[in-house]
Every structure is written in C-alpha cells, then in structure tokens.
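Student: Make the full structure from the sequences, and use the hints.
Line order of the protein sequences matches chains A and B.
The first sequence runs 1 to 352 under my numbering.
The second sequence runs 1 to 465 under my numbering.
Quick list of in silico lysine to any residue cross-link-like pairs, SDA-like style, CA-CA up to 25 angstroms: (1) K452(B) with P163(A); (2) K95(B) with A298(A); (3) K338(B) with R323(B); (4) K95(B) with A65(B); (5) K144(B) with A175(A); (6) K452(B) with L146(A).
What follows is a set of in silico ranges between Cβ atoms, one per label pair, in the way DEER data are often shown: (7) Q200(A) with I230(B): 56 to 62 angstroms; (8) G97(A) with S242(B): 41 to 47 angstroms; (9) L310(A) with R274(B): 38 to 44 angstroms; (10) S174(A) with D421(B): 54 to 60 angstroms; (11) V38(A) with E84(B): 39 to 45 angstroms; (12) W150(A) with I230(B): 20 to 26 angstroms; (13) G97(A) with R274(B): 49 to 55 angstroms.
What the hints contain is simulated information worked out from the structure, not anything from laboratory work.
Glycine residues also receive a C-beta, built at the ideal position from the N, C-alpha and C atoms.
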Amino acid sequence: MSELNKTLSGAAPIILSDRPLRLRLGAPALLLIAFVAVPLIGNDYWLGVILVPFLILSLAGVGLNLLTGYAGQTSLGSGGFMAVGAFAAFDFVVHGGLPLPAALFLAGLIAAATGLLFGLPSDRIKGFYLMVSSLAAQFFFEWLFLKIPWFYNYDSAGTIALPRLDVFGLDVSSAPARYYVTLIIVLALTWFAANLVRSQTGRSWMAIRDMDTAAAVTGVPVYRTKVLAFAISSFYLGIAGALWAFFYLGSASVQSFGIARSFEVLFIIIIGGMGSISGNFIGAAFIGLMPLAIDHVAQHFFAGHVDAGLLQNIQKAIFGLLIIWFLIKEPDGLARLFKTIAGRVSRWPLRF
Amino acid sequence: MRTENAIQQTMHGHSRVKEKFMKRLILTGLLATSFAAADLIAPAAYAGDNEQYVPLPTYRVGAYASSGTLWWAGEIDYFRYINEVEGGINGVKLKVEEFETEWSPDRTVEVYERVKNGKDGAPVAFFFTHGTPATYALTERAVKDKIPLVDPAGGQPEATNGLVFSYVFPLLLNYYSQASVGINYIAQKEGGLDKLKGKKIVTVYHDSAYGRASQPAIAILAKKYGFENIQIPVADPGSEQSPQWRQVREAKPDWIFLRTWGVSTPVAIKTAARFGIPVDHIIGDVWAGSEADVIPAGTAAKGYQALAPYPGGADFEIHGRLRKTILEAGKSDLRDPKFFGAVYYNIGLINAALAVEALRTGQDKFGHRPLNGEEGHWAFEHLTIDDARLKKIGFLGLLQRIKLSPSDHEGGGAARIQQWDGQKWVLVTDWIQADHDTLAPLIEEKSAAYAKDRGIAPRNTGAEN
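Tutor: Structure, rendered in structure tokens:
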C-alpha cells in the first residue's frame, strides 16, 4: 500500500505511513478504555478471570517475542522461566519477608539470571537444536519446584500462595485492584519493550536474527547480545509467572507452568506476529480468549442437544481450524492482518 | 512490504466470492459471540425459581478423558434419575451444566468464576472441583464467596479440619486415611496389628504432591507398629519403572502399597510381575484401583487388590433402579453400557448421591427450595447418612456410613478392599476403618501450620451452633 502511495504522490510520500496518526489517536484512546471504561462496565468475572489472564499472557508473549521475534533465538522454556518468577517471588515474600513489589522485581532478576544461564548454549547451537536445549530449562524447573520442598515452604500440596496480596500497604485482592496492578505493570513493561526494540540493543537483536554472521561483521557482539536477549526475555516471563500465580490464580503449583504453558506462549507470538509488540496482545486475545468465546457460544446454543464429549472435541477442532485459516491468510500473524484491514478501512470506499 | 503486496494481489486476483464468504463468516462469528456475551453480562431471571444449579467442571478432552467420561456419566445419570424419576429433591430440580477444563486447575478457576453466582436465578450450593490441584487453587476464593468445594477422596488431608478449612470438603477418605486403611488391611492379613512389627512395607508412589501426600501418615504408623517403611518414587508419567522394581525386589518387602496414578499403575503391575513380585501382595490405593489400571496390565493384574471407598460392580440396589429407569430408557450419558458399574462410573454415582443427600439435609433445615452456598455449607457440615438411609437410596454396600461435623469434613474414613479376578473387581472385605485417633494429631498440626501461614483464625463452632 505504501508502495502505491509512493508511486502516486511522487518521490516524497507525505502520507507514507499512517502509523504516527494512529498512534496519536490510538494510544490515549486505548489507555482511556483500559483504565476507565473497562473497569466501569466490566464485572468481577470479566476483570478477574478474562482480562487479568489476558494481560499476563500478553506480557509473557512480549517476553518471548523479544527473544524469538526480535533476537531470533527459539525457546520452549517459557513455562519454566514463569515458574522461576512465581516461586522466587513467593520465596522472597515468605522466607525473605520482603514486600510484594520488591519481591516481584527481584523475582524478575532471578528469572533473568536463570535465563542468562540457559542462554549460554546459544553461543554454539542454533534453531531447532537451541529450542531442544531450552526444553531442558522447562523440565529442570518443573522437577526442581516439585522436588525441593523449601521452594514451596514445605506445603503438603506443593502449592504456593501469598499470605496477603498488598502493594505499599494497600489491599489489592479484589478483582478491580488486581486488574489495575496487572495493567500498570504490563503497560510499563510493554512501553519499555517497545522502546528497547527501537534502541541499539533492539537493532542488534534484529541484525542477529536476520543474519548473525553479517551482524558480527558489522561489529555487533553476537554472543553477548544473544545472552542479553535471554536474560531480558526471562525477566519478562518471570514477572508474568509471578503475576499469573498471585494476581490471577491466587495459588499455583508447577502444574500451572508445564510444557503446555510454553507452547501457549509460543503460539501467542506465532499467531500474534513475530517481531511485533502489539501482536502479543492480539495473539493472547486469540489464544486465551477464543476458546472461551467458542465455549460460551457452544454452551449457549448447543448444550444439552449435542453429546458433551463430541461438543468439546468439536470446539477444539474449530479452534484448530481458525488457527490454520488465519495463518494461511496471513503468515506474519494477526498484527499484520489487522494492519492490512485498518489500512483498507481508512481508505474505504476507495480502492487502490 | 513484500508480503503485504502479495496479500493485496491475492485479494484482488482471486474471486470476490471468497471475500464475501469471509465477511459472512466473520459476521456470523461476531453475532454468535455477541449473543453469548449478552448471556454472560446479564443473567436474566426468567426461569428456574425452583431449580438448583449444579455446574460440573469436567474433562472430556485430554490425557485423563477416558476415565473422566465414565465419572461424568455416573454423576449425570444419578442427577437425571433424581430429576426425572424422583421429581427432583422435594420438588427442586437440579439444573446440571458441564464445562470443559482438560483437568487444568487454571481453567477450573475460570469455570468457577463463571458459575459462582448461579444461573438464571438458580443458585449454586456446592462446587465439585473434580481434581485435587483445582481444589488447592480455589480454596481461598471459596471462603470469600462462601461456596463449599467438594472433592471426595482427594484434596489436602489437613482440610479434614473444617475449623480451619471451612469451605473444603475432602469427603469419604482423605490421603492419610487411605494409608491407614491400607496398613490396617495388611495387619488383618497378617493376623493382627502386633504382627506388623519387623515387617517391611514398601510404598511405590507417583512423585507428585498427590503421591507424597500420605507419607507423614505412614511414617507415624510405622513408628507406632514397628514396621519398616520404605518409600520409592516414580517420576511422572512413569511409563518405565525397571529401576524402581529392581529396588523393590532387593528390599524383599512383605507388602507393597502402590500409590500411582494414570499410566504408571498398569506399568507398575506389569513390571512387578516381570521381577517376580507376587501381585496379591500389592495393594493399590484409591486412584490406582479402577478397570483402567488393571485391564492394560493383562494377566499380570490377576489377584491385584485395591482400596475401594468406591467399589466396582453393577449389582448394587441403585444399579437395578438406574438400569430400569435410565439405562434402558435410553437416557444414560454412558456411551458404552459395558462400563455400567465400572469403578469410575460408581465414583460419579457416589459423589452425586453425597451431593443430593447434602441438599436434602439442607432443605430439611432451610425449607424445600434451592440453597445458596452458605446454606450448602451448613448442609454438608451436618450431612449424616446411616444404614437405613443407605438402604433407602439403594447405596448399601456401595457407600459407607457418613457423618460430618464442622470439625470433621471427611465424615467417613473407611474403604473396602476389592480384588481383580481377571474379569471384574470382587469385594473381599467389608468396610475397614482408618485409625483416626492416631492420625488426628497430624491433621491438627498441619492445619494449625496452614492457619498460621495464611493468618486464619480457626472457627469457634460453639458460637455458631
């Protein structure tokens, strides 16, 4: 489309990109909706069970996207790093007696450190092989947080739960409060990520992703930059894990951070769009909310008329078909698809 | 850029028909979703003034679906029987609705939040969690929302102490009692508790919170009776267990207590046979004692015994009633009638019957109308099912006597032992009671620790009654 703009308006494309325009209008509008409109119209179910997990999964998506979408390093260890964040935050509160915000931040740092550690093999291995080595992180942490009772404070069920959910002395256990805290953290970290990928670090990541030999030739310290991507990505995932455990579920065990979670986060960035920040939110909405929407529709129209087991399997099949259909329609993810549609809408009814 | 152009070209190059189809598809989807959303936002009160809402978080998809489907069939068949044959509970019909969770605690939390306020004016009196991890995830929410979580033969053993865990009900037989019943049965076979002295009892367990849950209880019993307690873990999923059973053989145990789950049970039975360990000296616990656990093990399982708070078999009184009114009337949720009376089907029947009896108890106090969560809580805490009642509802022999109180949320604490004869489960004992006096201090200690961690003040029931 912009190609066409160029040809139409000569050498200097004045309306080359609609991005600044949309940002100016879109960002404040979105913030207004998120901070004011949504809590006004949403009830506890919507805020606490639909939007909070959606925001947290988006954050996890941002984390993995920094690593995979921008730096080009594949990973299937997202669930493991989320578990590190959750258990570390719990241990800082319970064993260390730290307040929640500090524990959350330190838990992110711990997750970053483990990410750095498991990123070390990226010096020698690439692609699918790296992905398989990241599986080691996943299984190691699942094992660790089951095997050593100190991590879950000798709870007989192996679950972790905070005694109180408060931030700076304020009780944040109600659904709207949990929503606001999650929203603020997710937005702050997303804002940081959006700036990061436009900084020198982000550009080095993309250089490595596109061709690491070329990046090395142009003076990018390849190894250090890769490991940095692992660390920052894991920081995000760690925070997301802690939020998932305490601001969404309330209590968690390793079961909530299994390999299925890693795949879920990976699907979010594939569906949403690799190398896109907004794509994570679209992907999380699709992966997290679409099965619920299908379930609601199915419950509303078919419950009682169709065999329940069959209905559940049909829902799975529909979800799978939607994924395939979207990926055929737009292999670059929903973020690109939305951009294309937005472009078309802004010019409607004129066609190029 | 390149892709964008390619897409443009595709869109223009190809026929308009496709585009129209796409639009229609999206429109239909949006329309359907908005209907569902409307349903979600406004719980209209147009029906069900005299209905009790019973949401069931089930798993018909995923790794545990095969046993799950029988379980839900049992529950749904019994609820249908109550609704259609008995006309509801004192005229109050049960409005049952299923929600898929794939056995994920995270999805169960979502379902719980979706249903906790009831539906169309029909209130929720209790919530079956259908899984121990889900019970853990919901424990604190349930207290806040005043909805009893019912998880028979599962959950944290210390939740038996209802003074601390006021809204959790690990009915029938908690994990400590399961261990105790197992040991008591072994003593019975050996000819008395005093004969346990010097014996070797190996526990092969699934290395998870579930598998380890009974360890403190066995440790106490080992100390009391003087048997040697050897614990051998099997990592999930447990599809290869040669090292463990080699270890078992080296220990030369007198008895083996098998606390596995899922695929690890048949593998354990088969591997034990390979190492020449007599199968009739292996005693499975509750979740290792269904048809799904022994049929895959083939002939190796013949003679295997298991704890049965949920006995298998289709010859109990209630099965006769269901066969006539539900199964043969074509109203059963069971797809293959072969599984009528399977252990998992009976689990469903028993759990449903417990819920129905609790609602009946509650209605006797609060009136013949649907109950809310708080009333359901009172009802479960005062649930009593004696032999006369068991006989009346057709569960004699299938369900043990039940008596709950605010401080005892287990209410039973017994199991029968059943043995696999190669074709079906045969009950070999009557109800064997757990040693509650020995286990009480353990429950006291663990629940006190929990109360301290979470800042819960134990209830004073004197003030409530």
